[in-house]
Amino acid sequence: MTPMKRVSLVAVVLSILMGLTAYASSSPWEQPAAALAEEIVGILGPGQAHLTIRNLSTIPTDNIPAIRRLLEQDLKAHGVLASGAESANAIRVTLSENIRERLWVAEVVEGNETRITMVHVDPGSTGQAQAGSEIALRKQSVLTSSKVVLAALETAHGLVTVEPEEIVIYGHAAEGWREQKRLGIGQKKPLARDPRGVVFPAPDDEGFVAFVANMACSGSYQPVQPAGNWTVRCTESDDPWTIVQPPPAQPNIASQTQPSIDSQMNISVAPIKAFYNAARNYFTGVVTPSLGVDLPPFYSASQVVRSAVSAPLLIIDIDGKVQLVESGALKPITGTRDWGSDFAVLHSSCGSGMQIIASGSGEAVSDSLRAYELPTLEAIPASALLSMDGTVTALWTAPDGKSVFAVVRKPAGPGSADQYEVDRVTASCN
Amino acid sequence: MLRQVAISCLVAALVIPAAARTRPHYGGTMRVEIEGDPWQRPGGLARRLVFDGLTTMSADGNPQPALALDWKSENDDHRWQFRLRSGVHFHDGALLTSVNVVASLASACNTNCPWTTVRVAGSSVVFTGDSPMPNLPALLAGDDFRIAIAATNRAGGLVGTGPYQTAGFANGVLTLTANDACWQGRPFVDAVEIRVHRAVRDQWLDLSVGRADLVEVPAEQLRLARDQHLTVLASPPVTLLALQLASSGVLGNPNLRAAIALAVDRSALSNVIFQKQGEITASLLPSALAGYSFLFPTGRDLNRARELRGGIAPPTLTLAVEGGSALQQLAAQRIALNLREAGFTIQVVNAASASHPDLCLRRFSLECSEPSAALESILHTAGQSVPLPEQSLAVTFKAEHEFLDRKLLIPLLYLPRTYASAGRLRDLRLVPDGAPDLAQVSLEDAP
Chain A
1 MTPMKRVSLV AVVLSILMGL TAYASSSPWE QPAAALAEEI VGILGPGQAH
51 LTIRNLSTIP TDNIPAIRRL LEQDLKAHGV LASGAESANA IRVTLSENIR
101 ERLWVAEVVE GNETRITMVH VDPGSTGQAQ AGSEIALRKQ SVLTSSKVVL
151 AALETAHGLV TVEPEEIVIY GHAAEGWREQ KRLGIGQKKP LARDPRGVVF
201 PAPDDEGFVA FVANMACSGS YQPVQPAGNW TVRCTESDDP WTIVQPPPAQ
251 PNIASQTQPS IDSQMNISVA PIKAFYNAAR NYFTGVVTPS LGVDLPPFYS
301 ASQVVRSAVS APLLIIDIDG KVQLVESGAL KPITGTRDWG SDFAVLHSSC
351 GSGMQIIASG SGEAVSDSLR AYELPTLEAI PASALLSMDG TVTALWTAPD
401 GKSVFAVVRK PAGPGSADQY EVDRVTASCN
Chain B
1001 MLRQVAISCL VAALVIPAAA RTRPHYGGTM RVEIEGDPWQ RPGGLARRLV
1051 FDGLTTMSAD GNPQPALALD WKSENDDHRW QFRLRSGVHF HDGALLTSVN
1101 VVASLASACN TNCPWTTVRV AGSSVVFTGD SPMPNLPALL AGDDFRIAIA
1151 ATNRAGGLVG TGPYQTAGFA NGVLTLTAND ACWQGRPFVD AVEIRVHRAV
1201 RDQWLDLSVG RADLVEVPAE QLRLARDQHL TVLASPPVTL LALQLASSGV
1251 LGNPNLRAAI ALAVDRSALS NVIFQKQGEI TASLLPSALA GYSFLFPTGR
1301 DLNRARELRG GIAPPTLTLA VEGGSALQQL AAQRIALNLR EAGFTIQVVN
1351 AASASHPDLC LRRFSLECSE PSAALESILH TAGQSVPLPE QSLAVTFKAE
1401 HEFLDRKLLI PLLYLPRTYA SAGRLRDLRL VPDGAPDLAQ VSLEDAP
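Chains A and B, in that order, give the protein sequences. For the first sequence, our numbering gives the first residue as 1, with consecutive numbering after it. For the second sequence, our numbering gives the first residue as 1001, with consecutive numbering after it.
One or more hints might be untrue.
[Unchecked claim] Derived lysine to aspartate or glutamate pairs resembling EDC-like cross-links, with alpha carbons at most 20 Å apart: (1) Lys189/A / Asp1180/B; (2) Lys1398/B / Glu101/A; (3) Lys147/A / Asp389/A; (4) Lys410/A / Asp1427/B; (5) Lys1398/B / Glu113/A; (6) Lys410/A / Asp194/A; (7) Lys76/A / Glu101/A; (8) Lys188/A / Asp1180/B; (9) Lys1072/B / Asp1130/B; (10) Lys188/A / Glu236/A; (11) Lys321/A / Asp1427/B; (12) Lys139/A / Asp294/A; (13) Lys1398/B / Glu107/A; (14) Lys410/A / Asp1130/B; (15) Lys273/A / Glu107/A.
Derived from the structure by calculation, the hints contain no laboratory data.
Could you put the whole structure together from the sequences, leaning on the hints where they help?
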């Protein structure tokens, strides 16, 4: 072997040793190995024992030597030396796991007696990365509630949420939103299993208008001291629900680097209302004013701006078909195979300036959102999937059009109901 | 992370991919066929649809609020208070009150309750126990403790608060209709028809010609079902097949019980009778739940069994078969053969015809995903109990080990619960104990 080769070999061996040392020093197995060693010593006391390890878990086999080394070190530190098979004492360690956690079990054999001890292992966590794309969706939690939330609205005077049987007013507080008032809707009829609701700013932009099955509510705000006062009136109603609301004046849109398509083209968005089937979970297909074509029953609708003169309605019907209502005709949209039942339109400074944010599934355990562009009659994915860590139960456009809101149902721990999280979702350009 | 991944995999495995991924449709009639009784405990499909419990088990196996809104424990889990949900009505219109909840619970278990007393406290129900009851919220989700009252209307029978109500029984078909006033919201499907006592081969035939939407697949026929391209929904191993031994009479001798435990050939049962679809176990909890099952040896030791029997030639022992399915009869015959090899004489009888059998081949449902609660639930079903003062795995293992040492219950196999379904069912999931969650199902072709 030449001197150069020898140096290289030494360097390689040193690198491996350093790597192993570094691995061991930062190993996630240090803590459980120490804990198990302590338990074993508590049973066995100082002495010698034959140590065997078997792996029934998903720990990669190349981790086992490191775990063995750690156990031997920790046992030695407590006076237990690993010895050969001839030893009267044996320590049989099994690396096991169940659906909740990893479990390391030691069977300590002294003569005819076997005693058992076990420790839990924190499985740790791994980071996750999202694939890059033109648009990045981000979510920000606005509110978490243990009650079912159907819809929410941020106003200048607080946050309004619609629950199946109550309207809830939240006020600003240092830690976020704080519940101020709960007002009964007076719902007399039982709701369906998949209840829905909507809430919009009132025409004066101070109050709100909300709909749930069989009921319509209006809220008004009086700026009395010290914290203002909300008055809510609800009445039984089968009136159509507002599904497209004219956006309020938005002076700041013009100052964006890339103005959104409707601000550039100044298309007027007329209010559209739709009749909701209160015994079910969809709109009947009857809208006002009429769009010149019979619509099928649908789950969601939004107005999309496609040109200087066109702002057709996009609907997803109860069979999952996405269609554009344009020029008195229904035009099927392709590329929507992965869409769920909910979508909302978002105006950003990215791409065409308008994206459709669609949920991935109606009843998925872990739902996701994705942005789509609609340049033609085909929806083109424009962002990576944004995991919502729960089931998206509602999705709508914020009054300013620059974000969408989602309600996400998340399973909770023992002794408590599911949590409902209201998230604001925004888009940024990569 | 591991837990999340495992649970996600579990949940993903239990969900049939839906063709159209929209919100669920309302309407239609779902047709289910079963071999057994829809009201049986545990796991009766009608029982699940008609009656609610104070708690229910979430997809990840934790107790969640149902008829109880919340609960709290005091005095080191010796006292529990469950606050009832208000405005809930039974199918006959009667209001759910703490009085009728207490009456229902008291009659559910009589002297074999996991608590010492249960009483009314305003709109709450209070349980007290002589020993700690850390698993009470999980146990109350079990089928034994679903709330039922005698109907006050002309129809009679028991009524519940569940998503479906009994509409009638004719020609072997139990019809349940949607409860429009259900506190959880009206279910999506208008009616569920359960054809009972239907042979499995007839169930499959009905599924193939579109006369049934959901049928049973016995574990040993899982491979055949897949070969026939049925859409199969299989749970993890959740049904424990175990041999329960009497503690009196001839088997009052612990050595004889130990000899029986050593004489049983689990591998033959699994390979021959259950076509390798079961998980061989000598532990009361499956390995995926406890993680320590390997500590209980499953091997057969005929020599040691004969040694333990000693010179005793016990009289003929009766082995009863609970449920009486043909497969379970076969399994019992196989066990009888094993025991004869160890010097025992066994007569296989039907559970209904044997008042005090020496041995009983039983099935136990794994209703909880928390090991301590699951163990307590199984033992409760077996009419046994062990002290479980806390929910740690070490304590659970110790309690299980001490109990199994008495050889009153000999775990044999863990089996999955499996079903085959028609394509028109969507969002069909299995709950943690492997039963289908029919209340959440909707039909693709609903009007």
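Here's how the hints hold up against the structure:
no., hint, in the structure
1, Lys189/A / Asp1180/B, "holds (9 Å)"
2, Lys1398/B / Glu101/A, "holds (19 Å)"
3, Lys147/A / Asp389/A, "holds (18 Å)"
4, Lys410/A / Asp1427/B, "holds (17 Å)"
5, Lys1398/B / Glu113/A, "holds (15 Å)"
6, Lys410/A / Asp194/A, "holds (15 Å)"
7, Lys76/A / Glu101/A, "violated (27 Å)"
8, Lys188/A / Asp1180/B, "holds (13 Å)"
9, Lys1072/B / Asp1130/B, "holds (17 Å)"
10, Lys188/A / Glu236/A, "holds (9 Å)"
11, Lys321/A / Asp1427/B, "holds (19 Å)"
12, Lys139/A / Asp294/A, "violated (36 Å)"
13, Lys1398/B / Glu107/A, "holds (13 Å)"
14, Lys410/A / Asp1130/B, "violated (36 Å)"
15, Lys273/A / Glu107/A, "violated (70 Å)"
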